[in-house]
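Got chain A; can you put chains B and C on it based on the hints?
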Amino acid sequence: MSAPGTRAVVAALLRKDLRIELRNFESVPAMALFSVTTFVLFHFGLQRDTLSGDLAAGVLWVTLLFAAVLGINRLFVADAEQGGFDAFLLSPADRGALALAKALALLGYMLVLELVAVPAFALLLLGPPIGQALPGLVLVLVLGDLGVAVIGTLVGALAVRSRARDLLGPLLSLPLLVPVVLGAALATKPLLSTPVGGLPLRWLGTLAAYDLVFALIAFALFDFLLED
Amino acid sequence: MYGKRLRALSLTTIATLTATLALVFFWAPNDADQGFLQKIIYIHVPLAIVTLCGFIVGACCAIAHLRTRDPRWDMRSYVAIHISLVFGVGVLITGSIWAKGSWGHWWVWSEPTLVSFLLVMLLYATYQPLRFAIEDPERQARAASVFAITAGAFVPINFAIVRLSTQYVHPRLGSGSLPGRMEVVFLLAIASIALLWTTLWRYEMTSKHAAAQLRTLARLLGGDEDDVPPRRSAAPSVTHLEGVG
Amino acid sequence: MSDPAIELSSLTRRYGERLALADVSLTLAPGQTLAVLGPNGAGKSTLLRLLATLLRPHGGLARVLGHALPEQAWAVRGRIGLLGHEPLLYRELSARENLAFHAALHGVAVARAEELLAAVAMERRGNEPLRTLSRGMVQRVAVCRALLHDPELLLLDEPRANLDPAAGELVEPLIGRGSGRTRVIVSHDPAGALAESDLVLGLVRGRVALLAPAGELDAAALGELYR
Chain A
1 MSAPGTRAVV AALLRKDLRI ELRNFESVPA MALFSVTTFV LFHFGLQRDT LSGDLAAGVL
61 WVTLLFAAVL GINRLFVADA EQGGFDAFLL SPADRGALAL AKALALLGYM LVLELVAVPA
121 FALLLLGPPI GQALPGLVLV LVLGDLGVAV IGTLVGALAV RSRARDLLGP LLSLPLLVPV
181 VLGAALATKP LLSTPVGGLP LRWLGTLAAY DLVFALIAFA LFDFLLED
Chain B
1 MYGKRLRALS LTTIATLTAT LALVFFWAPN DADQGFLQKI IYIHVPLAIV TLCGFIVGAC
61 CAIAHLRTRD PRWDMRSYVA IHISLVFGVG VLITGSIWAK GSWGHWWVWS EPTLVSFLLV
121 MLLYATYQPL RFAIEDPERQ ARAASVFAIT AGAFVPINFA IVRLSTQYVH PRLGSGSLPG
181 RMEVVFLLAI ASIALLWTTL WRYEMTSKHA AAQLRTLARL LGGDEDDVPP RRSAAPSVTH
241 LEGVG
Chain C
1 MSDPAIELSS LTRRYGERLA LADVSLTLAP GQTLAVLGPN GAGKSTLLRL LATLLRPHGG
61 LARVLGHALP EQAWAVRGRI GLLGHEPLLY RELSARENLA FHAALHGVAV ARAEELLAAV
121 AMERRGNEPL RTLSRGMVQR VAVCRALLHD PELLLLDEPR ANLDPAAGEL VEPLIGRGSG
181 RTRVIVSHDP AGALAESDLV LGLVRGRVAL LAPAGELDAA ALGELYR
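Order-wise, the sequence lines are chains A, B and C. Letter by letter, the first sequence follows residues 1 to 228 of the numbering used here. Letter by letter, the second sequence follows residues 1 to 245 of the numbering used here. Letter by letter, the third sequence follows residues 1 to 227 of the numbering used here.
Only chain A is shown next, with the shape it has when bound in the complex (with noise of 0.2 Å):
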């Protein structure tokens, strides 16, 4: 018996995760609803009815990071007090599987979590129209989730099984995002102004880098984090 291919497990670990979201709908309804939530609060507290701009720029990335925040903590929870671990380790899969499927996971999570959150903020209190700056914005909204996607699955695993891990979760992540924001929220800024400018390429080049940088730490530690 040879030892499965890693695609082959990277799709079962998907399916399975999927599966569990879909029945459970924990993560992705809760963080829509939150980032829908916070737009109503960044409404009554900066008092502002329109945004645009480095303001509406910063505004919608910060609440994608604090709903990502959301999805960070529960990614690894179902597998950590369900034994999922133990059975990952004790098969023949390359472990490295599970760090990509978790990535995917996550950047699955985001993706969906936008499509409502985006169009919301829109709604809510974007001021200038979105419609030209939407094919710039999709490009940087799935940089930033790249992000979100490997730094999430490093420090899901890092803090789960830890005794404070719904407080290690936010503390460690946000630091390690905060590069994450900034080019996002440069890069988005001009998508945002009216009028539309460019999109500004070195914002993306640094974010595109620095997803990869950080792709390339999370899967070579990713490992020893799973032995027990």
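Simulated from the structure, these hints should not be mistaken for lab results. What you are looking at is a predicted structure, and each value in this text was computed from that prediction instead of being measured. Built from N, CA and C at the ideal position, the CB exists for glycine as well. Watch out, some of these pointers could steer you wrong.
What the hints assert, rightly or not - Between beta-carbon pairs, the in silico distance windows are:
| id | chain 1 | residue 1 | chain 2 | residue 2 | range |
| --- | --- | --- | --- | --- | --- |
| 1 | A | 134 | B | 181 | 57 to 63 Å |
| 2 | A | 6 | C | 127 | 27 to 33 Å |
| 3 | B | 100 | A | 48 | 28 to 34 Å |
| 4 | C | 127 | B | 53 | 44 to 50 Å |
| 5 | B | 53 | A | 49 | 45 to 51 Å |
| 6 | A | 5 | B | 68 | 28 to 34 Å |
| 7 | B | 214 | C | 68 | 53 to 59 Å |
| 8 | B | 14 | A | 48 | 56 to 62 Å |
| 9 | B | 68 | A | 81 | 30 to 36 Å |
Quick look at chains B and C alone, frame taken from chain A:
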């Protein structure tokens, strides 16, 4: 094991620190713009440099720990980060004083270096809570090492990114723009703070090592080597003890 | 004379400054059963997890199925089955979904899952989420999970806890002495353990207090362990 060169190291450190202080107060010229307050950079900047290097040292020790699985490397990493955290608080305080003296505010966002530093400190402040939250000692050490490496990579990247995003430039002192005398004192200050860091590092390693040896001796004398009451702690304990047990 | 299934030589495992296992040595031939007994905290579960390659030895030597741990753990992983207190199954998923998942992890065909489900009489409830099933039923599915990849070595931690006698009988040919597999059983039932094992290991505070073939022991000798 660690106590051997401690005395020589301590004396050297005290000597260089004293020399630095003397030079700072009596030899280095006063800055034209900022006056006497400017002298705080002789503490602030070396502290910052040594702190950041200390975090990198912590990351390197963590890499060694993951590769060799020797708990002594974890101890070294822990102590390095621990001491750098303390020095880092000093950086923020001295930086704040300098900002107030130079620009009138206790905190300025236009200072990319100070902002990056704050961010790094916020990250490393979670190191000890993370360790404390994981009870299994081996898992604690491994998680801490993974964290130390991630955070160590974060330090330079973070500085680069924050710098990219701000227009204002933190007065760059290392770019050769220092007049002769200031540069000498400055280099001496860096050397003495680095020595201070190293001495404190050795002291803490020695103290922890001695404590662990004492505990083992106590257990052996008490007759029951295996009856150890579980200690929950954020600090690693070294169990490979030469010549004992 | 074939290689021993398990070979331990001065095996040591620490937990911080404590010794979870100290200087454990034994040899177990293939097809035989080792019973591990001892009071709570003796290190029984640690030993089991170490044999399962979930923990690394800190000292001494361990060879399982001819391969040294931890260097050759990869070669052994697909050939060991672990059945403990926790079923290692996801409550939101059904028995079939869980087993399909484990089959994918091990690179094993799913058809085997069906055979096993039938053998433990769970095939009709195979599509219900595990959280709707009783503890005993979940344990039966856990047995399937442990056997899915046809392991040569079975590691069992009180396998019959949560099983009623009828379920116990169903499961017996799969994980019992008649299964033909090498087994290590952790048990709190000395008499029962004696009956179904070939070699008995008694652990107290991580150290070997007793190591003898089952035939040479009686219940009284075992009672000493728990004193």
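Okay, the hints, checked on the actual structure:
Residue 134 (chain A) and residue 181 (chain B) have their C-beta atoms about 59 Å apart, which keeps the hinted 57 to 63 Å range intact. Range check, residue 6 (chain A) to residue 127 (chain C): about 29 Å between beta-carbon atoms, so the 27 to 33 Å window is met. Here the CB-CB span from residue 100 (chain B) to residue 48 (chain A) is close to 32 Å, well matched to the stated 28 to 34 Å. Taken as a hint, the range 44 to 50 Å is violated for the pair residue 127 (chain C) and residue 53 (chain B), whose Cβ atoms sit roughly 60 Å apart.
Between residue 53 (chain B) and residue 49 (chain A), the C-beta spacing of about 49 Å keeps the proposed range 45 to 51 Å intact. Between residue 5 (chain A) and residue 68 (chain B) the CB atoms are about 32 Å apart, so this pair conforms to the stated range of 28 to 34 Å. At about 36 Å, the beta-carbon gap between residue 214 (chain B) and residue 68 (chain C) misses the expected band of 53 to 59 Å. Separation of residue 14 (chain B) from residue 48 (chain A) is about 58 Å and conforms to the stated range, judged on CB atoms against 56 to 62 Å.
Between residue 68 (chain B) and residue 81 (chain A) the beta carbon distance is about 33 Å. The supplied range of 30 to 36 Å therefore holds.
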